[in-house]
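So the sequence lines, in the order shown, correspond to chains G and V.
According to the numbering used here, the first sequence is numbered sequentially starting from 1.
According to the numbering used here, the second sequence is numbered sequentially starting from 1001.
None of these hints come from the bench; they were simulated from the model.
Computed from a prediction, not measured in an experiment: that's the story for all the values here.
It is possible that part of the hints are untrue.
Unchecked claim - FRET-style restraints, in silico, Cβ to Cβ:
1. G/Gly301 / V/Glu1648: 21 to 27 Å
2. V/Thr1530 / G/Arg555: 37 to 43 Å
3. G/His67 / V/Thr1277: 40 to 46 Å
4. V/Pro1159 / G/Gly75: 45 to 51 Å
5. V/Pro1159 / G/Gly85: 31 to 37 Å
6. G/Gly96 / V/Ala1162: 22 to 28 Å
7. V/Pro1159 / G/Ser166: 32 to 38 Å
8. V/Asp1392 / G/Thr277: 50 to 56 Å
9. G/Arg555 / V/Val1614: 43 to 49 Å
10. G/Gly96 / V/Ala1209: 39 to 45 Å
11. G/Asp101 / V/Asp1392: 51 to 57 Å
The beta-carbon is built from N, C-alpha and C at its ideal position, and this holds for glycine as well.
There are 2 protein chains.
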Amino acid sequence: MTDGRRADDVTGRSGRTTEGTNRRHEVVKENTVGSLVLPVAPTRGRLRPLGLDEVRITGGFWAGRRHTNVSATLGHCRDWMERVGWTGNFRATAQGRAHRDRRGREFADSEVYKLLEAMAWQAGTLDTGTLDTDITALTEVVAPAQEPDGYLNTAFGHPGQAPRYSDLEWGHELYCHGHLIQAGVAQARTRGEGELTKIARRAADHVCAAFGPGGIEGVCGHPEIETALVELARLTGEQRYLDQAALFIDRRGQGTLTDGEFGRVYFQDDLPVRRATVLRGHAVRALYLAAGAVDLAVETGDDDLLDAVVRQWEAAVARRTYLTGGMGSHHRDESFGDDFVLPPDRAYSETCAGVASVMLCWRLLLATGEPRYADLAERTLFNVVATSPAEDGRAFFYANTLHRRHRGAAPAVDAVSPRAESGLRAPWFAVSCCPTNVARTLAQLPAYLATADDHGVQLHQYADAEIATSLQGGHGVALCVRTDYPSGGNVTVRIDRSSSDRPWTVSLRVPAWTAGAPAWLVDPDGTRRTVPPGMAEVTRRFRPGEEIRLELPVRPRWIRADPRVDAVRGTVAVQRGPLVYCAESVDLPDGHDVDVIRVDPAAPPEDGTDGTVVTAGQITAYDGQRGEPWPYRPLDATAVAPCADRTEIVLVPYHSWANRGPSTVRVWLPVVEPHRAAPPDSTPTEK
Amino acid sequence: MTDGRRADDVTGRSGRTTEGTNRRHEVVKENTVGSLVLPVAPTRGRLRPLGLDEVRITGGFWAGRRHTNVSATLGHCRDWMERVGWTGNFRATAQGRAHRDRRGREFADSEVYKLLEAMAWQAGTLDTGTLDTDITALTEVVAPAQEPDGYLNTAFGHPGQAPRYSDLEWGHELYCHGHLIQAGVAQARTRGEGELTKIARRAADHVCAAFGPGGIEGVCGHPEIETALVELARLTGEQRYLDQAALFIDRRGQGTLTDGEFGRVYFQDDLPVRRATVLRGHAVRALYLAAGAVDLAVETGDDDLLDAVVRQWEAAVARRTYLTGGMGSHHRDESFGDDFVLPPDRAYSETCAGVASVMLCWRLLLATGEPRYADLAERTLFNVVATSPAEDGRAFFYANTLHRRHRGAAPAVDAVSPRAESGLRAPWFAVSCCPTNVARTLAQLPAYLATADDHGVQLHQYADAEIATSLQGGHGVALCVRTDYPSGGNVTVRIDRSSSDRPWTVSLRVPAWTAGAPAWLVDPDGTRRTVPPGMAEVTRRFRPGEEIRLELPVRPRWIRADPRVDAVRGTVAVQRGPLVYCAESVDLPDGHDVDVIRVDPAAPPEDGTDGTVVTAGQITAYDGQRGEPWPYRPLDATAVAPCADRTEIVLVPYHSWANRGPSTVRVWLPVVEPHRAAPPDSTPTEK
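Take these sequences, add in the hints, and give me the full structure.
Below, the structure is given as structure tokens:
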């Protein structure tokens, strides 16, 4: 930290961690000198994460998002939970009336826990204690609902309710316990173990008792408990939490869940984790499970398990991922589609799947050190996670379509919306997992920027930031990052401190999106060289004040898809740096909607004003065809050529769409047909 | 009928209709001399339907399907209903143990009724009485479950169950009553009013009492009761059934149903029927409702209502219908998508939506006389309704995808399948509406071939058939149709009887698919003329033995889609006559799957052997790209050109696919890219 007072504060807080954290500390000490304020704290791995006390975002895109998160979203979530009765469920349970007064879906408890987790991580990076008061108050709502044996759930197990664990497929009890544990870990890591951590540990102890050896031989229909238990084991050093996570990972795919309408694949219970070759089924479930499997593999040194997840990730990224990084093309079961089934207009691309994909990427990056995971995380953060919340942080997309054909009405600001069909972002959903999931991701975000290893510091995501950590041997270093990213591609890293005169290395990720458009690195001594995608390294005896400059070729480029992505054949998209762009109807002349656009890929897209991209294109008038009775005709029949007006088409970053009222949007833009001749007359269509 | 004995039988049976049927008879007599053996018997309309006693299918495509229906499918359905307990539900209800022993979904009763309806219509065209015994036996299972006040449902209203009509959104009680009424009408029309008809009338009386003026001001979440009540009014002449149908039509769109996860549009309760501009929401619900609205409009002379449905149909056909005629592109809510959202690989195209579309087309055809309705009915019958059942009539597609990318496993022959995900047809489903719906459609099919009006006879669908009816003034006519349709396009209509020497008219539908490829008509006197799409008429003093010949240009043609159907841009399909064709992996060399195919639209498709179509194309090897880590790349990066082998590609009728083991399939075939140059080397892809 460059702020001495804050650094002291953090040190003080970290010192308050309890005896239970000893084992992790020891292990970490064996390898590295590390922060305790970590969302994910593996004891092994190629890279060591930096804590929220070591990385501070000071400005730019993500600083703005994080400001909105703390100033608007957290309170918004708290208010809505009270309003729809999800916090009230805990009171009702404590007072013995849950069977009568409970509100919301089975998993509503988890939203309260995710909010607590978000508040805790955000509190860890704030100078004020406001959020601590909120956490205490909300914890006091939750606490009385916990049973003496540690079980905590407002939907099951009380008089008049279904028995505990009577519906492992859909009941989400272990899933809720998992999010409770994550919240408890967040408190311990940011403020030291408090009441929330104690509740979480009691719940975890209950889970181990209920599902451990000799207990229920089952798994939860929605993975989450796995990653939570591993993180609790990391916090506390207690092996039994790790053992329980291993039991859950190994049990999955053994067919302990019933085969519902969506099939057992929905729950990833069709195949053991080690044998699966691609991410499949419900996207959030699949990604949470994979994250938990990486956590377990790292802690137990199980390289086979790690390899299995890497293989699944590779296949999903190569054949089941949208250009935005979004995952999941099925609305019906919120699941991955078959390979190359990626229709833009039916993209589900659930916000929470984006969050989960970032979780998985981060774990794989720490384990392997490979920049491809940071590449996908960047793409997903900018184009899915950043797309969900409205500019004011008080409305959200649940699903993130890449093509919307009609302007919907704005959802009522005071109503609960269905999850996937709203035209604009909605303030709250019946299944409202995205607001709190976005909130906890933004709260953790500084921790995803950089890592360290024995040789130095690695920068994975670019934002104005101040980074301070200790390298091997207690060698203290501090870096200041200044950048106009993602609007521009200039990244300057200034060394503010280097307490040793040994050489060390600063590594900078050169994003994969630079392929074919070289990036440049300028050393502190002024040497300038092109750097290919991957990690660019500068190793030297750094002196304070020295600067490294990375110049990334941020300019708009046409992107095309593998021809097997049938749904976007004959179209191109625009990407500019890490940002996917889109055409939005509000930027078209004459009230047109986006489906009239044609672009000419021979004309390169260019930078416009205020972060827009402009390209020469056509507005195609379909009015002549609007009245066609049947949309199919013989190829040998002469077609009515739509009259096309040449025009400039303005594109905006995809994450920014739908902030200017109801609109239509498309990411993939049809290309002009090369040889369209106007026929002398039209023939009847056939039906 | 050309068979005197059967004609007498029918007359005798018709004579057994009860007093209640008088009004309809009178009205019909005022307009026409008509059959009573009619699935749909409007009292007004441009065309008069012919009965199952007036039209007999004697050979060809549909005769085979109908033979399979009676020899396999009806018994298959009966056996499965017993096996899964859906007939047992009626026994359990009668014995007061439904609350404990009931099986299946809320609407399982309706399958029993649809089977009864199918049996009744099929019995009306058989020379044997075997099915009558089955109907009696099955009616005896159903009858004891009816309450004294006429209510009949095994899922609600008994001790330990939810109260009657406590869940109008999802309970399906009125829907079930509707199918019961349809079965009762089928019995009355084919065999005279029997026990089944009496049960149905008691149920209808109960519905009128419960939902009539002063009763529950609600509608059923699933339309069906509307069309059923109108048909019962037509049968019995009782105005109150018509009035009740009108109440249900007028109440819909008033927001009496709650707004569930899919929104009120799912139930068509978002807008009054008269104000809606397009079919929307759940496809089967939308189409059943539209059919009921046409029925009501026709009976009440409500041209505004009729116009509203015509407008909705036009919009849905122009922008929300697959090439196959299939409707519904959403898996999630089985609903219509937005305009032009027609992804082949996520086509839902539910079999029952095909059935319902044929129902609606038939009603609109009778009301307006416009051949466009018969055009869509033909397309839907051959490419959706005929696609669902397997060749043996013992397995079914619930959804009818136009593109399947992986070979699924064959569903177990003895297991209940999820509704939409099986790779092959499945013997039975948890929601098993398609087997009985296909069965009742095939059972009624002869009635859809031809109509009459004051001037003569109209032929709408082509099959080997014998047609005998009386025209105005008791002028008896008989026609014999011989055709190789749909394999070939030759239709010969021989006049076998014409009891008057006044001129009359034979009209033959020239399908819309002939546009741009002229059809020929040969008069009895040998005059040969081209005939455009629409109705071709021959008016003369026909003498027995005279023949009319229609020559339809049945040859394979490339079809392309409106560019706004984004999902099939850059592809073509093949249609041959009314049949849509497809590439199926079992016809490709070397075990390839269909996604390697490219076709050259410059090379016309040609007839192959055994009903296949062949075309010159390419097999594109993607092995080089299989390992690509990311499916998107800059357009300015050189691409790896897949190596392509020129080959002959064999296409088969879409309705025949998946009868040769698990396979992949696609209807829309990507076209070869015109100027693909092999680059000297490849560049790295970006992620």
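Against the structure, the hints come out as follows:
The beta-carbon spacing between G/Gly301 and V/Glu1648, approximately 55 Å, falls outside the hinted interval of 21 to 27 Å. Against the hinted window of 37 to 43 Å, the Cβ-Cβ separation of V/Thr1530 and G/Arg555 comes to about 59 Å, which falls outside the hint. For the pair G/His67 and V/Thr1277, the supplied restraint of 40 to 46 Å holds, since their beta-carbon distance comes to about 45 Å. At about 50 Å, the beta-carbon gap between V/Pro1159 and G/Gly75 stays in the expected band of 45 to 51 Å.
Against the hinted window of 31 to 37 Å, the Cβ-Cβ separation of V/Pro1159 and G/Gly85 comes to about 32 Å, which satisfies the hint. Separation of G/Gly96 from V/Ala1162 is about 26 Å and conforms to the stated range, judged on CB atoms against 22 to 28 Å. Take V/Pro1159 and G/Ser166: their Cβ atoms lie about 24 Å apart, and the range 32 to 38 Å is violated. Take V/Asp1392 and G/Thr277: their Cβ atoms lie about 34 Å apart, and the range 50 to 56 Å is violated.
At about 48 Å, the CB distance of G/Arg555 to V/Val1614 agrees with the hint of 43 to 49 Å. Against the hinted window of 39 to 45 Å, the Cβ-Cβ separation of G/Gly96 and V/Ala1209 comes to about 43 Å, which satisfies the hint. In this structure the hint that G/Asp101 and V/Asp1392 lie 51 to 57 Å apart at CB holds, the actual value being about 55 Å.
Checked against the numbered hints above, the structure violates hints 1, 2, 7, 8; every other hint is satisfied.
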